[in-house]
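**Student:** Using the hints, position chain B against chain A.
Here are the chains, one letter per residue:
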Amino acid sequence: MIDVEGLCFDYPAKRALSDVSFTIEPGTVTALVGPNGAGKTTLLRCLATLELPYAGRIRLDGIDTGEEPLRARRLLGFLDEFFGLYDDLSVRRCLTYWAGAHGLSGDTDAAVLDAATRLGLSDRLEERAGSLSRGLRQRLAIAQVIIHRPRILLMDEPASGLDPEARAGLADLIRSLQAEGMTIVVSSHILVELQDYSSHMLIVDKGRIVDHAPIGGARAYRRSRRLRLVLSRPADGLARALGDVAGLAVTPDGLVAQFDFAEDLEAQAALLARLVGGGLPVAAFGEDHESLQDRYIEKLKASR
Amino acid sequence: MMSLIFNPELRRNLWLEFSPARLIAMPAVLFMVLLLAWTWGKDEGMAIAAAVSGWALLVLWGTRLACDAVISEVQGRTWDGQRLSGLGPLRMTIGKLAGGPAYAWYGGAICLLALLGSGGIAGEPLVPISLVVTGLFAQSVALWFGLVQLRLRSGVQRFHVTFAQIVGIAVSVQLAPFDHFFDVTVTWYGLTFDAFEFALMSTAVFTVWAWIGCWRLMRAELQYRSWPLFWCAFLVFLLVYFDGLSGQYFGLFSPIASLSEDEAFLWQAGGFMTVVTASWFAMLLEPKSIVRLRRLLERLGRRDFGRALGDMPVFVAGLPILAISAVLLSLGKPEPGLILVQAASLVLFLLRDAALVYYVVLSGSRRGHLAALVYLVLLYGIVPGILTGADAGPLLAAFVPLAAQAPVIGLLGPGLQAAGFAFLLSTRLTRPKA
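Taken in order, these protein sequences are the chains called A and B. Take the first sequence: its position 262, counting from 1, is numbered 262 in our numbering, and each next residue is one higher. Every position in the second sequence, counted from 1, becomes a number in our numbering once 1000 is added.
The following block holds chain A by itself, in its conformation from the complex (with noise of 0.2 angstroms):
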């Protein structure tokens, strides 16, 4: 869905992207992350033909975004961290408003009504958005972006300012939006949460790329979690004992295993009892949620 083919993005004293390429799959959300001027903002301004790059080729869909702006324009909708709205209008105009600047033609009242409803707006179509709260104002702004269904979904940073309950509605929405099957990436500095919806991970240093694969294989489209069993020391029957799980890594001391679990709770209640019953000296069991950190910092280590 986006090919970026020897991206290099100039600025007058700094090179922001260097021969950078990458694939992102239809359907996939891809968390990209990076240090605080690794050129994440860049990317996604040039993914949103925001910028112009110095050399190098993105194509959307196969349409490249250099030689046919405006219907590259037409697949994607982007979502800026500092966005803004028009505070004047009520929130049935603005989404009114964009859904005809997306190209919608004719009545746009049905966009309108499903784009609120989707973003739990529909009882606030006649308020002005300026009297909006601050996580009101973020479903709005998503909701103008996604009015006319893009295939690509670009947002920076839009977890920023938000209360846990939005951040949390966030990822819902975020996760019904690639089981539509858009593409979706999301740049964000809170990798816990872009681990309950992310499928992949594209880190960036020093305007290069330095790791895109899967987080945790296929688990993400299973919906699976990734489960960390901590031993309080070492025990030769671990691997026998959790059978065929997926994702299966084990540290080199031998006291912590990590492994991908696509069954319930109750799933995961029996594998418990079954490993403490076995003998293992079980000292914590549960969610990994530091996982996709790990393995984050462990990539821009081995990249420096």
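Since the hints were made in silico from the structure, they are not lab data. Model, not experiment: these values are computed from the prediction. A few of these clues could be false.
[Unchecked claim] Residues from chain B that face chain A, not an exhaustive set, calculated with beta carbons under 10 angstroms: (1) N1007; (2) R1012; (3) L1016; (4) P1020; (5) W1079; (6) R1158; (7) L1222; (8) W1227; (9) F1230; (10) I1290; (11) R1294; (12) R1366; (13) R1367; (14) T1427; (15) R1428.
[What the hints assert, rightly or not] If the Cβ cut is set under 8 angstroms, some of the chain A residues that face chain B in the computed set are: (16) F78; (17) R92; (18) H102; (19) G106; (20) A110; (21) R295.
Just so it is clear, CB atoms sit at the ideal spot from N, CA and C, and this is done for glycine as well.
**Tutor:** Just chain B now, kept in the frame of chain A:
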């Protein structure tokens, strides 16, 4: 066609501008003003008040609204979203030009109705048309200059709107009203026009060019690749338009025989001088990006001329037209060589200034353009003053375009300076390392 005009951007502007309260406020205020004028001067008084109010609304206020149609988007962080929309540059330009100042036009339309309804101003039948044309021109120039400022720097502030407003008002001031004191007629390629009518027609034609200018800048802002064809067409238009007026200058001022060679060149070369001046301002007002220059050179090196044209500064793309017009100017003249030397000297000064401005601006200084202008004032004003005071008059041609007095110095002087600044500029062209 209708979807082109009544596009979402225009509709959004109308939503914002026409609240019920504002719909009532404008006619209420104008009714009071016009009624006051009628009590003082009956129909004639009301007509004058309507014309003045219309000018204030369409030119004074309309310019601000037109420019703000873009600047407020940038400040409200909605501009990137608009750039990404499917509107395209033409519909966006129409939406901004028609929608931004729509409320001023609402008031302007009421003033026009009052002006026509009161029988107009005695002896001034073209005032209503002049009001419309001047309003369109001033607003277009204000939007154009707002876009110029937007492209010159990444951040825009409120004073940029005021600056664009001032430029819009300034360029729309026509000299035509002074006709009544001088009873001037204008001869254009042998055709005689009343000065007011000629100014009005010229304003209308330049309004179309201002619209084209807005559209081209909008294309650039929306990341559309553009070749400088319209710029070249504009230069040809300027050449034809101002050459037609050259004869007029002779009639207004002194006979050609009493002028020095340089003065005679200036008066005969009205069109050429105008395109050189236009190229100079284009050089100054165009965004200067070292990345774009590097990319241009890289594409030229690969003989990718199509893409290179898109990166080429427009004043460079217009140089062949300057050269052709200089040759045409020299044809049939008693001393064609001298005219070509003068023309070449002017072009060398243009190139020197361009190299200097690019070198200074690309240093990364926030006020690079201002610093470059200070250096140019030194070169064009202070240095010639020193040379004159030091009795080094023959060297003047190296710093001001007076090549007819000293052809060799007039060519070598700006040529060497241009080469020097070009060398300095070349030191900035190395790409940063990854």
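**Student:** Take the hints in turn and mark each one as holding or not.
**Tutor:** Now the hints, each set against the structure:
1. N1007: holds, 7 angstroms
2. R1012: Check passed: Cβ of B:R1012 comes within 5 angstroms of chain A, closer than 10 angstroms.
3. L1016: At about 6 angstroms, which falls below the 10 angstroms cut-off, the nearest Cβ of chain A leaves the hint on B:L1016 intact, so it holds.
4. P1020: Where the cut-off is 10 angstroms and the nearest Cβ of chain A is about 14 angstroms from B:P1020, the hint is violated.
5. W1079: holds, 8 angstroms
6. R1158: For B:R1158, the interface hint is violated, since the closest Cβ of chain A sits about 16 angstroms away, which is over 10 angstroms.
7. L1222: holds, 7 angstroms
8. W1227: violated, 14 angstroms
9. F1230: At about 19 angstroms, which exceeds the 10 angstroms cut-off, the nearest Cβ of chain A leaves the hint on B:F1230 violated.
10. I1290: With Cβ-Cβ at 5 angstroms, under 10 angstroms, it holds.
11. R1294: holds, 7 angstroms
12. R1366: violated, 13 angstroms
13. R1367: At about 16 angstroms, which exceeds the 10 angstroms cut-off, the nearest Cβ of chain A leaves the hint on B:R1367 violated.
14. T1427: Check failed: Cβ of B:T1427 comes no nearer than 13 angstroms to chain A, outside 10 angstroms.
15. R1428: Cβ of B:R1428 sits 8 angstroms from chain A, so the hint holds.
16. F78: holds, 6 angstroms
17. R92: Hint violated; A:R92 Cβ to chain B Cβ min 11 angstroms, cut 8 angstroms.
18. H102: holds, 5 angstroms
19. G106: Result: violated, 11 angstroms to nearest chain B Cβ.
20. A110: violated, 17 angstroms
21. R295: The hint is violated - A:R295 has no Cβ within 8 angstroms of chain B, the shortest such distance being about 24 angstroms.
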